[in-house]
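First to last, the sequence lines map onto chains A and B. Residues in the first sequence are numbered from 14 upward in steps of one, following the working numbering. Residues in the second sequence are numbered from 24 upward in steps of one, following the working numbering.
Just so you know, the hints here were simulated from the structure itself, not pulled from any lab data. Remember, it's a predicted structure, so these values are computed and weren't measured experimentally. The beta carbon of each residue, even a glycine, is placed where N, CA and C say it ideally should be. Heads up, some of the hints might be wrong.
Here are the in silico distance ranges between beta carbons for each label pair [to be verified]:
1) A:HIS147 - B:VAL194: 33 to 41 Å
2) A:ARG277 - B:ALA297: 53 to 61 Å
3) A:ALA252 - B:ARG102: 30 to 38 Å
4) B:GLN277 - A:ASP76: 52 to 60 Å
5) A:ARG276 - B:ALA69: 33 to 41 Å
6) B:ASP242 - A:ASP65: 34 to 42 Å
7) A:GLU50 - B:HIS239: 29 to 37 Å
8) A:ALA46 - B:ALA309: 36 to 44 Å
Counterexamples of contact, computed for chain B against chain A with all Cβ distances above 10 Å [claimed, not checked]:
9) LEU145
10) PRO344
11) GLN365
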Amino acid sequence: MKRTRQWIATGAFALLPLAPITALLAAPAAQAAVAPEALVGPVADYKLYVLDNLEQLVSHTRDFTAAIEAGDVEKAQALYAPTRVYYERIEPIAELFADLDASIDAREDDYEKGVEDPDFTGFHRLEYALFHDHSTDGMEKYAQGLMDDVNDLDSRVQGLTFPPETVVGGAAALMEEVAATKVSGEEDRYSRTDLWDFQGNVDGAREIFELFKPLAAQEDPDFVERVQANFDDVEETLADYRLDADDPSAGFESYDEVSDADRRALTGPVTVLAEDLSTLRGLLGLN
Amino acid sequence: MSQAASVAPPSSRALRLGMALSFLLMLIALGVFTLSLRAVHPVGDAGQVVEVTATGCEPNHLEVPAGRRTFTVINRSNRAIEWEIIDGVMVLAERENIAPGLRQPLTATLKAGDYVMTCGLLSNPRGTLHVLAGDSSAPPAALPATAFVGALAEYRVYTTLQLRKLRASAVELRDAIGAGDLDAARRAYREARRADLHLAMPIGLYSDIDQRLNAHADDFERREADPAFVGFHRLAYGLFERQDTAGLAPVAAQLLADVDTLTERLKHASIPPAQLADGTSRVLEAWLDHHRGESAIAGPDLADLVALTEGADKIVSLLAPLLERQSPATLQTLEANLSTLQRDLPAADASAPDGVAAGGLLQAASALADSLAGINQTLTLKG
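Use the sequences and the hints to build the structure in full.
Structural data, given as structure tokens:
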């Protein structure tokens, strides 16, 4: 987490010399502020995106937990990362439910007794069993619990009126998440499938950005261009680690394979994206 | 010797003076530094200070008045932490990744009530936050321009999902009629009609489509025999009165085409916030206009009112947070009127609901329509 802060600081300093120049060049011809009604469509479309991903999460979790209940370690290992992706995409909304976020996605570090803590459940508890113990012994109750939690999340989100500030702020939140726990490789420490989650967070952030892009472009076209370029950089680096360039479902190489140079190369644009996207709310009049 | 003396280090007196001077300079520098720190962290703006240690929050219980409040979270543990204010199970406000030793401010707008605080590790005990009711005599602040974005967006999601259901059922209906399957056609009709009435308010914004989908036989010169009489009531007349699918194929095809036109139009429409309450009141009034003076409500008519009430329920749930802030008394009346009507109605999935005495039902529907009609004034929205 300390590292996050340093990256953000580094990113900010790197931009510092550019700031006066940008300000001069941009000299924005005071645009009319974004009309609140213009936000309705994108917020609604975002909820539809989240509902689609939840539907996928429910059906993938069903297969994943069924494999565990059947004692099929290999199949469960293969389904772990492709299932989590849907949760990682919609994290800004999923995280709103504190109880479920803890039972679905907490890591062992969140508990005093770590892996041994009886409250440690969800994806990462199962990850530990599948990739550290290579076993599904005693995992039925965690599998069942995960399925119940995911179904619960689905029905709660359906009934939720999405707070517009959370939706717009979600893009930055996702990139901060990447900076904090993905680049460091601590999210999926046993499965080493961090790049799947990484891509999921980027997908989720990009979706939000794309939905609000036309409005943001009215206010600050340079901002939009910069964010787009940084997204492209991140995705390009990620693409180098795809197992099959033409088939996204094939997934990624182990995070152990990611070179130090590429980890550093990812840090820059990720940090700047987190910084830039954190201004989106203000840009759209939602502060 | 004298030469040596000239390059000798400065006298001990000069040295002492120099040391004193540099010490003084350091003190000044320290003073300036301290002052600058104060300028960055004015004590008054820190609000409530919460220290998170390895084992929980200190203090573990906070009490603040309602309104916009600032908290300063200081991480006294040796790992990065997050701090959240939770209402029930919902996260209301949070700061993530607070590094050890650092402090982070958090500002949240809080309503009176009891909340919990997460304090570092999930296994740590949670703190409690009690928010005291503010000065209730003060008039509520006007709603900001963005206050309706959430409600309107959620309504847009609702209409989109209902339109998908409507279209899927309209396809089934057309196919069942084409196959001459009366039972399947009736089932599909009920499903389609239910979605149609959930959408009664937005459909009402387009008089041409509303007429083609929802006009009654009474609206036409030759009533049931009039060739212009199409839509749901025409289909109900065939499926439930004449109990026959014959001759309904073109009506079902037209219905599907109209649903597609409606979908296309709503894709580009923005529903004005004032329509949420006013439009819903209007569709309830329209239903009442057709049933005043009846002694019992049964069959498709009753199913229609069930579906309209479901649509009204959605609207009430969307407006509730705004009303709660502006006028809790108005919200209470509205919710009471809604639940009175819901109590008198049969469950939505009852396929052939028995008739219900009209008196109480008409009165309850009318009371709900009236209270919806008054809401925009409370929210200072003009139609």
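Going down the list of hints, with the structure as the test:
{"no.": "1", "hint": "A:HIS147 - B:VAL194: 33 to 41 Å", "result": "49 Å, violated"}
{"no.": "2", "hint": "A:ARG277 - B:ALA297: 53 to 61 Å", "result": "54 Å, holds"}
{"no.": "3", "hint": "A:ALA252 - B:ARG102: 30 to 38 Å", "result": "34 Å, holds"}
{"no.": "4", "hint": "B:GLN277 - A:ASP76: 52 to 60 Å", "result": "43 Å, violated"}
{"no.": "5", "hint": "A:ARG276 - B:ALA69: 33 to 41 Å", "result": "37 Å, holds"}
{"no.": "6", "hint": "B:ASP242 - A:ASP65: 34 to 42 Å", "result": "40 Å, holds"}
{"no.": "7", "hint": "A:GLU50 - B:HIS239: 29 to 37 Å", "result": "34 Å, holds"}
{"no.": "8", "hint": "A:ALA46 - B:ALA309: 36 to 44 Å", "result": "38 Å, holds"}
{"no.": "9", "hint": "LEU145", "result": "4 Å, violated"}
{"no.": "10", "hint": "PRO344", "result": "8 Å, violated"}
{"no.": "11", "hint": "GLN365", "result": "17 Å, holds"}
Of the hints listed earlier, those the structure fails to meet are numbers 1, 4, 9, 10, in rising order.
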